[in-house]
Amino acid sequence: MTNEPALHLPCDTDASTLLEELYRRYAPQGTRYAFSMLRQFSDAEEVTQEAFCRLLTKSADWKAEELESRLRHFSPLFFATIRNLCIDVIRKNRRQRQVALDASMEPAAKSDTDNPQQLEAKVVVAMGQMPDQWADALKLKINGQLSYAEIAEVLDATHAQVRTWIYRARRHLETELEKAGITVGK
Amino acid sequence: MTNHFNQSSCERFGPLISARVDGELELEVSKQLDQHLEMCTTCRQRMQIFAEINELVYSAATPDETAFFPVKPVEKRLAERHNKIGKSLMRWIPLAVAASVLIGLIITALPSGPTVTAEQIAMPLAELEMINDEQSESQAQMLKTLEFELRALKLELGSLNSESDSEDNSLEERKRVEETLDRLIEKVKQFSETETNQDNLF
Ligand SMILES: [Zn+2]
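Each protein sequence line maps, in turn, to chains R and Y. Residue numbers for the first sequence follow this note's numbering, beginning at 18 and rising by one. Residue numbers for the second sequence follow this note's numbering, beginning at 58 and rising by one.
Hints listed in this document are in silico derivations from the structure and should not be mistaken for laboratory results. Check before you lean on any hint, since a few could be wrong.
Said to hold, decoys possible - Using C-beta positions, here's what the derived DEER-type ranges look like:
#1 Gly202(R) to Gly80(Y): 46 to 56 angstroms
#2 Pro148(R) to Ser65(Y): 48 to 58 angstroms
#3 Thr175(R) to Thr98(Y): 27 to 37 angstroms
#4 Glu83(Y) to His90(R): 21 to 31 angstroms
#5 Gly80(Y) to Ile107(R): 24 to 34 angstroms
We put the CB at the ideal spot given by N, CA and C, even for glycine.
Please model the complete structure; the sequences and the hints are all you need to start from.
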């Protein structure tokens, strides 16, 4: 979230308890982000849970002095882990997904754009056609609800790059939807 | 109101409009944008378009109308891991992660016949997962199996290397993967040794 909730770390609370609380806070948007990458709800859920489990496992190795900063930066860490897991899944399923994508790219009749599912399919396809960084940044913003600063951490980029990528992603979508005969914002 | 701005001046405001939609626009620039928006229909429209695109992207990431994103308790998943593989074996998981990352690397490093390769390589990992689930197996045995599987992976990679060559780039990549595998095998060995010497590391 843009406004990272205040996190008080009492000395007697262990990392795993805090991590679980953070997980509860971020799991819905994490799952939504994963879904935007994978288009498969069960996979998205799986990946989100796995990301948390991995962080929890890793946390055993965190030194006491780095614990607080790690937990304060939980969301970039969590989303970066989700992102990596999604990339693994995509890689594994690349072939099947290519087939699915090809099918969804078949031109639809213009009247079909009134159908919300058709419209969403267009959005998904247009997102797939833009450079990964643009799509990633936009998904992290809208579906992950991260701030530009957090997205910059996840994507290992600068704040300015994130801003540009998100802008370009929106312009790309605007152009593509227009090409498909879909009018937005009017 | 008529629009008396040229395209390039509006282009300049595009990224600012996008940042405004995200609530990320700095205060100083915010005033400039407001002044421009007051006079420019094109940019006002663009702001509207961007906001609608947000809604579209958001709803495209929703499985269906009734679906929501419940926070499924992960306790079960964690408990399964803890109970089945034992607490000390939790340290193992990063190793499995490293292995799966490597498999990803190998698949990308081999442009020819990736399907067969992926299947061949994924098999040892699947077996590894099964082993993780069987508490009856002793730790030492598991470690040995992991080491064995890594070696098998390396061999597999070697045989694939000899099949397809030519590109310097992919050769370099393969070398890198091999080196990483070596390091991983070394790590497993070290881990195996410390694990037999000490019981309470986790
Ligand atoms: Zn303008």
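Hints, one by one, checked against the model:
1. Gly202(R) to Gly80(Y): 46 to 56 angstroms: 18 angstroms Cβ-Cβ, so the 46 to 56 angstroms window is violated.
2. Pro148(R) to Ser65(Y): 48 to 58 angstroms: With Cβ atoms ~23 angstroms apart, the hint is violated.
3. Thr175(R) to Thr98(Y): 27 to 37 angstroms: The hint (27 to 37 angstroms, Cβ to Cβ) holds, given that Thr175(R) and Thr98(Y) are roughly 33 angstroms apart.
4. Glu83(Y) to His90(R): 21 to 31 angstroms: holds (22 angstroms)
5. Gly80(Y) to Ile107(R): 24 to 34 angstroms: Holds: the Cβ-Cβ distance is about 30 angstroms, inside 24 to 34 angstroms.
Going down the numbered hints, you'll see the structure goes against 1 and 2, while the others check out.
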